[in-house]
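There are 4 protein chains.
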Amino acid sequence: MSSFGTLFKVSTFGESHGVGVGCIVDGIPANLPLTEADVQPQLTRRRPGQSSLTTARNEADTVTILSGTENGLTLGTPLAMMVRNQDQRKFDYANTAAAPRPGHADYTYQVKYGTRASSGGGRASARETIGRVAAGAVAEKWLLQEHQLKIACWVSSIMDIDLPKEVAKALESDPPTREEIDTFGTLAEDEENDYFIDMFGQKYSRTDGEPLNSAPTGKSFEDGKKLYTRCPHPATAAKMAARIQQLRREEDSTGGVVTTVVSGMPVGLGEPCFDKLEAELAKAMLSLPATKAFEIGDGFDACRARGSKNNDLFDKGTNGLLKCKTNHAGGTLGGITSGELLVFRVGIKPASSISQDQETCTFDGEPHVLSVKGRHDPCVLPRAPPLVEGMTAMVLMDAVLRQRARTGAPCRTLGELGHGAGKTARSLAAEPPAKMAKGS
Amino acid sequence: MSSFGTLFKVSTFGESHGVGVGCIVDGIPANLPLTEADVQPQLTRRRPGQSSLTTARNEADTVTILSGTENGLTLGTPLAMMVRNQDQRKFDYANTAAAPRPGHADYTYQVKYGTRASSGGGRASARETIGRVAAGAVAEKWLLQEHQLKIACWVSSIMDIDLPKEVAKALESDPPTREEIDTFGTLAEDEENDYFIDMFGQKYSRTDGEPLNSAPTGKSFEDGKKLYTRCPHPATAAKMAARIQQLRREEDSTGGVVTTVVSGMPVGLGEPCFDKLEAELAKAMLSLPATKAFEIGDGFDACRARGSKNNDLFDKGTNGLLKCKTNHAGGTLGGITSGELLVFRVGIKPASSISQDQETCTFDGEPHVLSVKGRHDPCVLPRAPPLVEGMTAMVLMDAVLRQRARTGAPCRTLGELGHGAGKTARSLAAEPPAKMAKGS
Amino acid sequence: MSSFGTLFKVSTFGESHGVGVGCIVDGIPANLPLTEADVQPQLTRRRPGQSSLTTARNEADTVTILSGTENGLTLGTPLAMMVRNQDQRKFDYANTAAAPRPGHADYTYQVKYGTRASSGGGRASARETIGRVAAGAVAEKWLLQEHQLKIACWVSSIMDIDLPKEVAKALESDPPTREEIDTFGTLAEDEENDYFIDMFGQKYSRTDGEPLNSAPTGKSFEDGKKLYTRCPHPATAAKMAARIQQLRREEDSTGGVVTTVVSGMPVGLGEPCFDKLEAELAKAMLSLPATKAFEIGDGFDACRARGSKNNDLFDKGTNGLLKCKTNHAGGTLGGITSGELLVFRVGIKPASSISQDQETCTFDGEPHVLSVKGRHDPCVLPRAPPLVEGMTAMVLMDAVLRQRARTGAPCRTLGELGHGAGKTARSLAAEPPAKMAKGS
Amino acid sequence: MSSFGTLFKVSTFGESHGVGVGCIVDGIPANLPLTEADVQPQLTRRRPGQSSLTTARNEADTVTILSGTENGLTLGTPLAMMVRNQDQRKFDYANTAAAPRPGHADYTYQVKYGTRASSGGGRASARETIGRVAAGAVAEKWLLQEHQLKIACWVSSIMDIDLPKEVAKALESDPPTREEIDTFGTLAEDEENDYFIDMFGQKYSRTDGEPLNSAPTGKSFEDGKKLYTRCPHPATAAKMAARIQQLRREEDSTGGVVTTVVSGMPVGLGEPCFDKLEAELAKAMLSLPATKAFEIGDGFDACRARGSKNNDLFDKGTNGLLKCKTNHAGGTLGGITSGELLVFRVGIKPASSISQDQETCTFDGEPHVLSVKGRHDPCVLPRAPPLVEGMTAMVLMDAVLRQRARTGAPCRTLGELGHGAGKTARSLAAEPPAKMAKGS
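Protein chains in written order, with UniProt numbering: chain V, 1 to 440; chain W, 1 to 440; chain B, 1 to 440; chain S, 1 to 440.
Derived by calculation from the structure, the hints in this document are not laboratory data. Any given hint could be a false lead.
Identical chains blur together in the list; that is why a pair holds if it fits in one copy or across any two.
Straight-line distance between alpha carbons at most 25 Å, and here's what the computed SDA-like set of lysine to any residue pairs gives [to be verified]:
(1) K309 <-> R249
(2) K309 <-> D357
(3) K169 <-> D301
(4) K141 <-> T177
(5) K141 <-> S3
(6) K150 <-> T96
(7) K323 <-> L341
As the structure is a prediction and not an experimental result, all values here were calculated from the model.
Just chain V, same shape as in the assembly (with noise of 0.2 Å):
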């Protein structure tokens, strides 16, 4: 249904045709400082019609509190907010009235409900995320200011163009931050001068993404129009958005992998058996639309490793606890946050809407060729991290309040017990957090 969450709990409504969409959030603990400007910057990120590279709609997105804060703070209470649906889609209905359109939802809600919305997606179109987005800026402040927890998301493959590996595990291990990953991730377009040209100066073939000087231009990064790829490796970057672009002239489509790293992780978030923090992780992925894959540190690739290998040795930490030599679980053991930084990857598919013909046939089973023109995205990656921060933020916030009704206590960060000196995690353990709380 349209809830996530145990106790921070968010619930979604609304469809592309409607008056809006958005959300409630119940759980927000009060006091937190939080006005439309804390939730704005992931909904314009998220938002169609950034840059050349995704759709040129222009939804304004602007997001609005409804009821749950007062003079700037949250009062306990649930917060609701709206987006308002203005720049309605024009939308070819005579032709996705007749024929369900292929990789998209148009068939399975119609037998599911014995109806659909007549524009587009309805439930299923991306606008459905926009409530996620909103709710998810929340946790991430929360989180901020409570753990000094950092969710940083970027995209590191799109179709056969991949972030090189030594890069790509270098960023896993000292992720960059949400700033870096948009500054280092946006090209300028010059279509005049057939480059594109990044923060640096350095300039790229439009045709491939390979790099056409090797010294420093002093063109500035400022002029022509701006591609953002949300890739934090410039020369990467190019190349996604070479193969972009070549996508839309073919009127084709692609898809890709993010990555998530979360810095600042408290020690013991999670739940053992069903609950585990990986396998809400990995809901709350599959559940953002068109995703189709999700793994833990090194996924698929651990499977293929040897134990004496992919076991991850401990050694002594700060303040009594632990840490790990490597990080090949991707920051858990047993469902539990080990205090490492957590690390997965998402991959998403294709956009299912491409403006070539395809042969399909109607709700009826008659052949027919379904030939919905218009500016199709081809590619939603780099729309893509706000979605998954989003969501990663509800679920490690729900974490963190399960764990404190456990303790009475805020969680254990690495950083927090300044006061443990000498304290170790055996003697810890021997003095529950619960007591601490009680004391003072």
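For this one, chain V is given, so just place chains W, B and S on it according to the hints.
Chains W, B and S in isolation, oriented as in the chain V frame:
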């Protein structure tokens, strides 16, 4: 926590050291024929010590139904099942009391709870899955009875040994039965003459699994100790068996991938937004111990494809429904089943328990060489299918019940609408399912 | 938290000071005809300022559907509804900032959250119920359409004024319609000539509600200001109106009891053990502001009876079902509906806001005479029926959906099994409902 | 269904005819000292056959912990407990197979499920409550340890015999301990000399419970068979015992009311809107078999009061908190605990099983005189307190855990903030609880 599902709700209990492990299964419709004999086979397939490929511990794992049935029929009330802990593992307590085992949850449980079971994994031990397998067997029986729905899970990779690509594809589009998986995936070992032999009499090298003869040998498959790989392609199974035995000799371990295909899928299962069917499956799979990755349909490969190839075009089906010409999606569109085969893969990490010395540290952060001798399982993959099948069944049964609530009628399957001749997906929609149920 | 229900799931938001209040309703089956016109009437009945018996604040409370419908039909997706806050109550902030109002939640919210809304009750204000009433109206419409199920709630006591016992019993076994409740329970006030007059032209003293004439007066009911009591017995309604007006003059308030009867009940609703139907109803009712008591059937009176009198003996019903000769139980047995009228009562405390001075203390514990002048509502009972009806509908619709999931068929009602002639409760049991649904 | 609670989650199983009954309790914080000895006393108080006032069936009801503890401490993992069914009730199957017993759930289960347990109530039998009582005992222990919170439940009415009003009020404002309830509420019966005798040596008539002596008799309380009433006022207890014995002679039964008071309440428990504390309590109580009514504080009496009398005025409390001068509300405001005593009453109907002939009908609708002979319990009230206490504890523990999640700190109690001198509710609010937990 230890509960799963909305309407078909499973709660499990138990760790290795207590009286037993088991579950309560709530939400089973009444009058389903059910005795222990329906549940035991999957528990036996899950059991360690089935073959020389897995650990030699002999846990009888005999299930008892404590409540919820009378005269071999379910009452509609909670079904409780228990397996007693009898042959408790001899555990190297001295070592594990001092130092958390790498790859295990000893450390994270200790910090999360301020305590942990002394007997190995406690709740994080593989014994926790017994309750799931038992509950899943009940769901499987109901799904088969109500929808002729069949779940098949097999081992497709172990370490570097993969099913040949064309074999993998063939199996995914025409899945073997469980009996075929067990039969084709079982080898007999002749230690004296140093070969494996499959059910067809083909012999393979115990060193590398290469075939030793090109013509039938007449040798009986029955000779020698049984090796269960649950890879239904004997030539690959032999290589897997060889690799596992090599790793045991080397005191090491490895992981692999299992593939699951469900046939007989009704159209319309799964809830939009957060509870998409693939999201529930991903959570279910990542909640199993040692799982690190999940993909549905073409999964990560789909991310590298073009939309024009990845979109599954529609064609006329039977009984007024449609079918897809291909199944890159793996059986869902927008999180809702399309009636195509449900296809997904789960990645499982190398077993964490190895006999090799590991240079790790104690709970106090002191350097420690951990040496846990014993007969460790070098690869749990052959025992994974009943776990994956069980979780799959739990997810699907819950989805069927949720959809029934909506329509007031059993879900539509491609086969069941015999009266639907001349009807189409469109006209069926105009005649909503609830009306059908009221008729008669 | 602010969510209710398992399959019919309502989440509400909003407090008095924000942009608006409303709800998301998830789980409504598709294709239910629904527009704002289906929801508005109950909101209007809930609204303060309807009559001179309740507060004069004029909150227009016009509902807008934000999502979930198209062309006047539900889509099966979340229905979001909102009522904007326009005529915000002028609130005595200075006073209530210093001291928590007795009987209100100012103090408990302040300690629970470390903050509270400045605008009166905030989330604890009666405006919170708007989302519930809106959601309940949707459930009511569906229940009526699917099961001809009708919910009637009326005021049976206000302070010391009770419906005469025989009238109360008669109403409980043959419940009035909502229109009858509103019509018979409405008086007109003639201030000039100092009387109330009911729809039949009967006049009553404004001092004590005693009848003033024994023969019809010919005077029009339409004259004078309307007083809504929602007590469908005019003679009692007049006494209630007089008592309420007396309390207003005395700057005091009071409470009372509402009685609810649901007709058209299917057999078999409600879940055993924790989610018994009366348990869900009790929770639903005690979750409404100002409620203090709940009883089903004979309630507390049953506790003083003998079993031989309290047991409802069975008799042959129609369509193979049974009926009860009496209905002391109030419509359930073992938490499951028996098909008899569902009968329950809810006790509501005196309104906490009074204009009298109250000798209380500040948040700091300093003695403080609280004096909150204004037009307080001396008795909220006349506005309570739409709240109770709404929560009742939510509980019942959820129960119907849960039972549908189990049987794969609409629930059995006494009326719908026209084909069941010759069948009995026994033989119907031998032919389980799921089979029926598959037939046709 | 058979699960209850959000963070402290109880799932029960079992009916009278199977192997046993029991529960899984999930969400118990780790390191709580716990053995069977903590749970058994409440099961023993619940047990039938304790005294000649209740049925003579001797069910030993010995509990076994199956999982979740080690060395007498909880592990934080699911606690499973079971009581074996050993002395199964001899049941009049012939009669009950033909006709549903009035007042029981035979008929509603049969229609709901299309089947029912043959052994009397099956899941609707009172044995179902064993799992609840066991789980509640665990919650009680934790609440006592963490918050010095004490739950006392006693019998305040049986049929027409009520505690004198002033005694009832006195007990509600200064509740007896459980030991006092059991001691003062226990009589000994001297059949030979035809009197009851209380612990003080006071004798009472076995006919009507009137006192027989005005001065101490010196007779020992120990003589004779024990009668447990759980009404802590011996003079009333004697009248209750006489009434129950009269009803047994008359082959009839009756009901009554229990009163519960919880002391040591923290401020701030309970969730606004749908999950108000009284709403959760009401659900918990109405989910118990045979309960028909619930009221908190002055309950239905409050509905007849004036606001000026019913409002509880505030006064300075200790440790910066406030207290109320009266407690008409019964311990909550806006669904959230105020720190006052939690006071509520539950109405229980007459036992449905009576030996008298009942003119009812068969499942087929044929007239039938039902005659179920046997030693039926004429009044279950004396056995009700452990059930009510157990459910109360489950609700409160869940509420405490939910509030802990919010604040990251144990809940505030009037007694625990020893360092809070000079602080006030206002200043404490400015210093949110989460900070306190971080300090130390």
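Each hint tested on the structure:
For the homomeric pair K309 and R249, the shortest alpha-carbon distance between copies (16 Å) is at most 25 Å, but the shortest distance inside one copy (45 Å) is not. Proximity of K309 to D357 under the C-alpha cut-off of 25 Å is restricted to the inter-copy arrangement: shortest distance 12 Å between copies versus 49 Å within a copy. In this assembly of identical chains, K169 and D301 lie within 25 Å of each other by CA distance both inside one copy and across copies; the values are 13 Å within and 20 Å between. In this assembly of identical chains, the alpha carbons of K141 and T177 lie at most 25 Å apart only when taken from the same copy (15 Å versus 47 Å across copies).
In this homomeric assembly, K141 and S3 come within 25 Å of each other (Cα to Cα) both inside a single copy, at 20 Å, and across copies, at 23 Å. For a Cα distance limit of 25 Å, the shortest separation of K150 from T96 qualifies neither inside one copy, at 42 Å, nor across copies, at 34 Å. For a Cα distance limit of 25 Å, the shortest separation of K323 from L341 inside one copy, 11 Å, qualifies, whereas the shortest one across copies, 43 Å, does not.
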